[in-house]
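Sequence lines, in order, name chains D and C.
Residues 1 to 158 (the numbering used here) are what the first sequence spells out, left to right.
Residues 159 to 319 (the numbering used here) are what the second sequence spells out, left to right.
Hints were generated in silico from the structure; no laboratory data involved.
No experiment lies behind these values; they were computed from the predicted model shown.
Even glycine gets a Cβ: it sits at the ideal position worked out from N, Cα and C.
Just to be clear, a hint being listed does not mean it is correct.
What the hints assert, rightly or not - Per label pair, the in silico range of CB-to-CB distance:
(1) L308(C) / V77(D): 52 to 58 Å
(2) D295(C) / P124(D): 51 to 57 Å
(3) T86(D) / K265(C): 44 to 50 Å
Stated by the list, open to error - Dumping the calculated DSSO-like pairs for lysine-lysine here, alpha-carbon to alpha-carbon at most 27 Å:
(4) K265(C) / K310(C)
(5) K206(C) / K265(C)
(6) K247(C) / K73(D)
(7) K165(C) / K226(C)
(8) K223(C) / K143(D)
(9) K194(C) / K165(C)
(10) K206(C) / K79(D)
(11) K89(D) / K143(D)
(12) K223(C) / K206(C)
(13) K206(C) / K247(C)
(14) K89(D) / K283(C)
(15) K165(C) / K247(C)
(16) K319(C) / K73(D)
(17) K319(C) / K139(D)
(18) K206(C) / K165(C)
(19) K304(C) / K202(C)
(20) K283(C) / K202(C)
(21) K225(C) / K283(C)
(22) K226(C) / K79(D)
(23) K223(C) / K310(C)
(24) K73(D) / K304(C)
(25) K226(C) / K283(C)
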Amino acid sequence: MKGGFITTRLNSMLGWGRKFSLFQYPFITACCGMEYMSVACAHYDLDRFGMGWTRFTPRQADMLLVVGTITHKEAPVLKTVYDQMTEPKWVVAFGSCAVSGGIYDNYAVVQGIDRIIPVDVYIPGCPPRPETILNALIKLQEKIQKEGHEWRWKRKKY
Amino acid sequence: MAMEKEKILEDLNQNFADNIMSVTAPFGDEIILFEKEALLNIVKFLLKEPYAFTMLLDLTCVDYKGKKERFEMVYHLFSLSNKLRLRLKARLSEDALEIDSLTPLFKNANWLEREAYDMFGVQFKGHPYLRRLFMYDGFEGHPLRKDYSLRKQQPRIRLRK
């Protein structure tokens, strides 16, 4: 990371603040949602990592969790939700279907949501184990910690 | 007083001797193969007491590509009072791909027929609102037909990469 002492400390502080206050928007379309619920509830307890706050409007959310199969019919909706989120924003592809289309290689299903929106973390599995999800979200936190405030001029490309 | 399955089939055969082509029971439940023009008459007959096949369990289509009569409509009927199932089949050729709608007799036939239209392109005469059910506006072709390419996709928005 370039910059002097003050800017690097500022970036570090921004990253620290952001990674422990991730407001999430769950975009749940399929059976992976069950696994998401188990992670978000008390047993695995996502709130330990500062991600427990679920916002059901994209305008207040930082992290878009795309949980489940995305069909071509649904693709414009997902795109709209992503566009409505304010910067900085992160996207997690949750489960095989969101990562690559999974077993649905056919006329209806988008072969991975990265064909529609940029993705930060991919979680494989059908459905993924809760431990896998926690691991992936901690990886996302590490990524956010390193990101700093460069998102202001380095916008993610479509 | 429940009716025997044999009696029902006998009555059907007597009333529609010209239209029914065969009655088989390969897997337990009877399959009645009939000419498509007789659909409404046969179903109306089965709806009445004492047969009372008042429930349309499913309605779908099968594509036998390569056969002379390519498509086959399948109707599953259930009689609540007799506790009997019956399967009706009619063959359609590709150039005359239409059959009477069952919507006047069964309300749930509406969406089932829209699905069959969406996936196979079967036209239903007398359907009140024959529009695609699953696929979106602007989708071309009928995806469950055997000649629809296996991985052909029709995205609604521009995809990345």
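Query - Satisfaction of hint between K79(D) and K206(C), Cα-Cα up to 27 Å - result: violated, 52 Å
Query - Agreement of K226(C) and K283(C) with the hint, judged by alpha carbon distance not exceeding 27 Å - result: Holds: K226(C) and K283(C) sit about 22 Å apart, inside 27 Å.
Query raised in the report: Hey, K194(C) versus K165(C), does the alpha-carbon distance stay inside 27 Å?
Result: With a Cα-Cα distance of about 23 Å, the restraint between K194(C) and K165(C) holds, given a limit of 27 Å.
Requested in this report: Measure nothing beyond the straight line between the CA atoms of K247(C) and K73(D); if it is 27 Å or shorter, mark the hint as holding.
Outcome: violated, 32 Å
Query raised in the report: Is the Cα-Cα distance between K223(C) and K206(C) 27 Å or less?
Result: Given that 27 Å is the threshold and the Cα spacing comes to 36 Å, the pair is violated.
Query - Consistency of beta-carbon spacing, P124(D) to D295(C), with hint 51 to 57 Å - result: violated, 34 Å
**Report entry** Cβ separation of T86(D) and K265(C), checked against the hinted range 44 to 50 Å
**Finding:** holds, 46 Å
Report task. Please work out if K206(C) and K265(C) have their alpha carbons no farther apart than 27 Å. Result -> It holds: about 17 Å lies between the C-alpha atoms, which stays within 27 Å.
**Report entry** Given pair status - K165(C), K206(C), alpha carbons within 27 Å
**Finding:** holds, 15 Å
Report task. Compare the distance between the alpha carbons of K206(C) and K247(C) with 27 Å, and conclude whether the hinted pair is satisfied. Result -> holds, 20 Å
Query raised in the report: Hey, K73(D) versus K304(C), does the alpha-carbon distance stay inside 27 Å?
Result: holds, 22 Å
Query raised in the report: Is the hinted pair K89(D) and K143(D) satisfied, with a Cα-Cα distance of at most 27 Å?
Result: Distance of about 12 Å is within 27 Å: holds.
Hint check: violations occur at hints 1, 2, 4, 6, 7, 8, 10, 12, 14, 19 and 22; the rest are consistent with the structure.
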